[in-house]
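**Q** Here the protein sequences line up with chains R and Y, keeping their order. Take the first sequence: its position 39, counted from the start at 1, is 39 in this note's numbering, and no numbers get skipped. Take the second sequence: its position 5, counted from the start at 1, is 5 in this note's numbering, and no numbers get skipped.
Derived by calculation from the structure, the hints in this document are not laboratory data. Accuracy of the hints is not assured; some may be wrong.
As the list claims (entries may be wrong) - The list that follows gives simulated cross-link-like pairs (lysine to any residue, SDA-like), each with its CA atoms no further than 20 Å apart:
{"id": "1", "chain 1": "R", "residue 1": "Lys197", "chain 2": "Y", "residue 2": "Lys35"}
{"id": "2", "chain 1": "R", "residue 1": "Lys197", "chain 2": "Y", "residue 2": "Glu182"}
{"id": "3", "chain 1": "Y", "residue 1": "Lys185", "chain 2": "R", "residue 2": "Lys9"}
{"id": "4", "chain 1": "R", "residue 1": "Lys9", "chain 2": "R", "residue 2": "Leu151"}
{"id": "5", "chain 1": "Y", "residue 1": "Lys35", "chain 2": "Y", "residue 2": "Pro179"}
{"id": "6", "chain 1": "R", "residue 1": "Lys195", "chain 2": "Y", "residue 2": "Lys35"}
As the list claims (entries may be wrong) - Partner residues aside, some chain R positions facing chain Y, computed with beta carbon under 8 Å:
{"id": "7", "residue": "Leu24"}
{"id": "8", "residue": "Leu103"}
{"id": "9", "residue": "Cys108"}
{"id": "10", "residue": "Ser122"}
{"id": "11", "residue": "Val123"}
{"id": "12", "residue": "Pro175"}
{"id": "13", "residue": "Gly183"}
{"id": "14", "residue": "Leu186"}
{"id": "15", "residue": "Asn190"}
{"id": "16", "residue": "Thr196"}
Beta carbons: idealized from backbone N, C-alpha and C, even for Gly.
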Amino acid sequence: MSLTKEFFKGFYTENPVFRLALGLCPTLAVSNSVQNAVGMGVAATFVLICSNVIISLIRNVVPKKIRIPIYIVVIATFVTIVDLVMAAFAPDLHKSLGIFVPLIVVNCIILGRAEAFAGKNSVFYSFLDGLGMGIGFLLALTLIGVTRELLGDGKIWGIPMFGSGFEPVLLFILPPGAFLTLGLYLGLFNWIDNKTKK
Amino acid sequence: MELKTLMIIVVSSIFINNFVLSRFLGICPYIGVSKKIDSAIGMGFAVVFVMTLASMVTWLINNFLLKPSPSNLFYILFSPKEPPDLMFLKTIAFILVIASLVQFVEMVIQKLSPGLYRSLGIYLPLITTNCAILGVTILNLDLNYSFIESIVHGFSAGLGFTLALILMAGIRERLELAPIPESLKGIPIAFIMASLMSIAFLGFSGLKIG
């Protein structure tokens with residue numbers, strides 16, 4: 001169990017969105033603009049790190065049969081904290097993320113890492129795992145967000161990138177565009193994987 | 001509330017704001033269970049059942065335990081100066097309710113239909129993390145629905161999810177036999193299919209109702 005391996009695996013080899021197919025709901029919903037994508041990525045990373053650390057701390061006292069509800073309560077607590085902090089200090093972001101802020105609770109990445117890693121490993125490695133996976137999630141969200149906002153609106157972070165003659169493909173910021181972009185990126189990463197395996 | 005309002009909720013939850021194809025809720029089981037039509041139908045009905053029950057129970061909890069209103073049970077029992085505002089507990093309370101309901105549904109299905117239980121496999125307990133269920137309960141809150149409206153919303157959101165799931169399963173069963181490029185096989189082609197279905201459902205957003 002090496003330090004760099006546990007940290008960097010979330011970036012590409014075990015990227016939660018593109019490799020593990022976790023956390024797809026928020027990925028599709030908030031990637032219509034880079035601001036939303038980054039905001040969600042940061043919020044989810046915070047919850048992931050905190051819950052990984054706490055769950056790793058209590059992993060030896062939690063009875064195996066009821067561990068899932070206990071993990072859910074821990075995660076829900078941190079999500080409530082993030083929800084209230086965001087509503088107070090970043091109300092515009094809170095409003096545009098809408099119901100997906102409380103829905104961080106059921107983000108499969110967080111419960112998945114708690115079950116698969118934090119429940120069995122030490123606090124330090126759980127912290128690294130949470131940080132790495134969170135950054136991987138953030139990177140995936142940003143990649144899709146940049147693609148969708150650039151093609152669908154001609155902007156990145158609200159800054160127009162092309163001249164006024166650019167006719168954006170509205171489809172990309174609408175729901176079908178989300179599915180299409182994610183599907184094509186998944187296909188692309190599969191293709192890269194197949195090429196490097198040969 | 002009139003029947004008209006309820007019908008508007010039904011049509012809008014199933015078609016115009018379809019939970020999977022417009023609201024992006026319930027994607028994980030959507031991709032995971034939609035390979036065969038039979039398991040899709042089974043999963044769909046389980047989700048409808050849990051969504052309806054969850055909408056009912058969370059509305060009651062919201063109105064009698066969390067909201068700062070004169071009918072708040074804590075206010076009635078302990079008589080503080082003013083009704084306590086416990087809305088910040090909604091996330092924790094709702095998800096615990098959903099987790100228990102799913103546990104209950106799992107036991108019922110295991111008793112009544114072991115075949116369905118086996119074919120749903122890991123995806124049955126995963127209904128707990130189905131964003132659609134927590135999503136519909138929070139939406140009921142945001143949209144300020146009454147008790148009956150919440151139940152109708154939960155039920156028809158579940159129907160919309162089931163519809164999208166069965167459509168996807170039907171397409172994917174045929175895709176098994178189609179010549180697809182290697183890197184697109186499996187999840188990528190499912191998402192591209194979903195995108196085309198989503199475009200079709202976008203057509204409903206022009207529906208003028210009410």
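**Q** Checked against the structure, which of the hints given earlier come out wrong?
**A** 1, 3, 4, 6, 10, 11 and 16
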